[in-house]
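Keeping their order, the protein sequence lines are chains A and B. Heads up, the first sequence is in the numbering used here, so the first residue is 1 and it goes up one at a time. Heads up, the second sequence is in the numbering used here, so the first residue is 1 and it goes up one at a time.
Be aware that a few hints might be false.
To be verified - Sample of chain B residues facing chain A (criterion: CB under 10 Å; computed from the structure): (1) 97; (2) 101; (3) 105; (4) 127.
Stated by the list, open to error - Anything over 10 Å on all C-beta distances counts as not near chain B; from chain A, calculated: (5) 3; (6) 16; (7) 45; (8) 66; (9) 67; (10) 69; (11) 81; (12) 88; (13) 105; (14) 115; (15) 118; (16) 159; (17) 178; (18) 215.
Hints are computed from structural coordinates only; laboratory data are not their basis. From the three backbone atoms N, C-alpha and C, an ideal C-beta is built for every residue, glycine too.
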Amino acid sequence: MFTQEARDIVVNGLWKQNPGIVQILGLCPLLAISNNVVNALSLGLATTLVMTVSNGAVALVRNLIPHAIRIPVFILIVAALVTVVDLLMHAYLLSLYLVLGIFIPLIVTNCIVLARVEAFASKRSTWHSVLDGAFMGLGLTLVLLTLGAVREAFGKGTLLSGLDLALGPRAAAWTIHLAPGYDGFLLAILPPGAFIGLGLLIALRNLIELRKKEHGPHPA
Amino acid sequence: MTGSPYNLHVRYATPQIMRQLMLALLPAIGAHVWLFGPGILVGLLLCSLFAVGFETLVLLMRGQPLGFYLRDNTALVTAWLLALSMPTLAPWWLYLLGAFFAIVVAKHLYGGLGQNLFNPAMVAYAVLIVSFPIQMTQWAAPAQLAAHVPSLAEAFDLVFAGQGALSPDAYTSATPLDHLKTQLRTGTPMPKVMGQPLYGQVGGSGGEVVALMFLLGGAYLLGRRLITWHIPVAFLAAVAVTASLLQWHDPAQHAGALFHLASGGAMLGAFFIATDPVTAASTPKGKLLYAAGAGCLTVIIRAFGNFPDGVAFAILLMNIAAPLIDVYTQPRVFGTGGGKP
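Could you build all of it, start to finish, from the sequences and the hints given here?
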């Protein structure tokens with residue numbers, strides 16, 4: 001089951017072709033919702049769920065879809081799945097749903113979802129498509145989470161604030177206060193903080209790749 | 001090695017220009033010390049130290065020649081412009097953060113000297129006013145109005161140790177721009193606001209003299225041909241015209257042209273910040289357009305925005321437009337198209 005190909009799919013999703021910091025796809029939710037850990041993680045996981053199932057669904061029916069109208073059909077499938085996630089969150093995680101607002105329905109327009117469906121799931125086997133959807137989604141979630149953590153830590157001096165929105169009032173006590181008396185650096189929470197943070201993450205990844213190339217066993 | 005013959009008409013190199021700029025800022029700094037107390041010197045000193053420190057650090061990290069870049073004094077000029085735009089007697093970490101954003105983020109992350117898209121001092125100011133609105137609006141009160149004018153030693157104490165026994169009410173006040181905005185919002189009519197002791201002949205008490213000294217320094221720069229007339233004239237004219245139009249539209253709600261010219265960072269912005277050769281438009285027609293846009297935006301942001309002054313945001317917004325303005329205002333090269341046959 002875990003052939004070399006499957007392993008490549010995992011590595012591509014998490015690092016080599018990471019949707020957030022290599023393909024730079026889905027910037028709108030990435031920048032807007034990464035202002036704290038809880039928001040970032042929940043949107044990331046919702047997107048991952050949609051990507052996994054939509055990749056699988058498209059791969060299953062890929063031979064039945066006429067080539068000329070494939071994009072509208074893909075959008076319909078993705079939209080149906082997003083509606084399911086939207087309704088589920090509305091039913092079971094109302095307070096979190098209200099915080100994430102329009103960004104849950106907007107998963108349908110997230111270019112990374114359609115990009116993976118079109119570029120991968122419409123051509124490959126179902127198992128590999130599911131794997132690709134899951135790990136591309138996790139790759140995005142990882143970037144969202146890192147950005148969310150950095151912005152929350154600098155901006156408010158906390159981590160996991162707002163956890164009660166997802167897990168009920170008892171979780172409010174789980175918020176980690178990194179430095180008591182820290183008033184927060186508002187810029188990190190505001191939109192400029194998202195752009196600067198993402199830029200630094202991309203730079204960090206490029207630096208790591210550069211170092212790897214320099215010190216690698218086969219210098220290029 | 002001699003320079004290119006095409007550069008022979010260039011009268012100064014960067015280090016000399018920067019030294020002249022700092023010289024031109026001295027009258028305003030002197031006026032500030034005289035009218036607001038020596039607190040500004042602490043800010044200037046700290047900003048300079050932090051800025052040069054960050055500059056050295058980044059140059060080392062980038063493996064660039066230290067002596068060459070440090071001698072050009074651009075970091076010092078950025079530091080001075082930042083210190084002059086910030087409230088005096090702000091906590092020390094505010095200067096540190098400002099210098100970091102100016103030198104490391106706005107200057108070196110964009111490629112260093114000559115490559116930055118935005119004016120470093122204004123980026124730092126914008127970051128600070130957005131993130132720390134309380135600390136960034138505690139300005140030193142004019143000496144004649146303050147209950148207590150901190151001496152140089154007290155100023156160091158305030159900057160490094162915080163307020164302690166001294167209440168901030170004793171030595172700070174709102175800037176006239178800020179004060180005017182809150183007073184107008186509470187419904188005080190314009191002439192009554194202007195009659196209060198915080199206001200002087202045309203602008204804020206004390207602040208108007210400092211603005212005059214910036215004008216003097218700017219005139220010196222013009223005289224030495226370190227800047228051309230286009231940017232300051234277009235900037236100040238646009239401020240005056242926009243302010244007059246607003247005042248004509250609703251005299252009860254808007255201050256006039258003279259008040260806007262003499263308060264906040266208008267004069268500093270017109271002569272020392274908007275004229276930054278790296279981030280401004282560079283064609284003559286482009287400079288006029290760029291500076292007029294900045295002046296107009298300054299008054300609009302002051303009149304309708306939430307922040308006390310609009311100069312920094314106006315200049316940053318026009319910085320974005322500068323490359324495009326340059327593309328559309330290229331002068332015709334002599335001997336090519338355009339003319340009559």
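Evaluated hints:
no. : hint : verdict
1   : 97   : holds (8 Å)
2   : 101  : holds (9 Å)
3   : 105  : holds (7 Å)
4   : 127  : holds (6 Å)
5   : 3    : holds (42 Å)
6   : 16   : holds (25 Å)
7   : 45   : holds (30 Å)
8   : 66   : holds (45 Å)
9   : 67   : holds (42 Å)
10  : 69   : holds (40 Å)
11  : 81   : holds (39 Å)
12  : 88   : holds (37 Å)
13  : 105  : holds (30 Å)
14  : 115  : holds (29 Å)
15  : 118  : holds (34 Å)
16  : 159  : holds (20 Å)
17  : 178  : holds (17 Å)
18  : 215  : holds (18 Å)
Consistency with the previously given hints is maintained throughout, with no hint failing.
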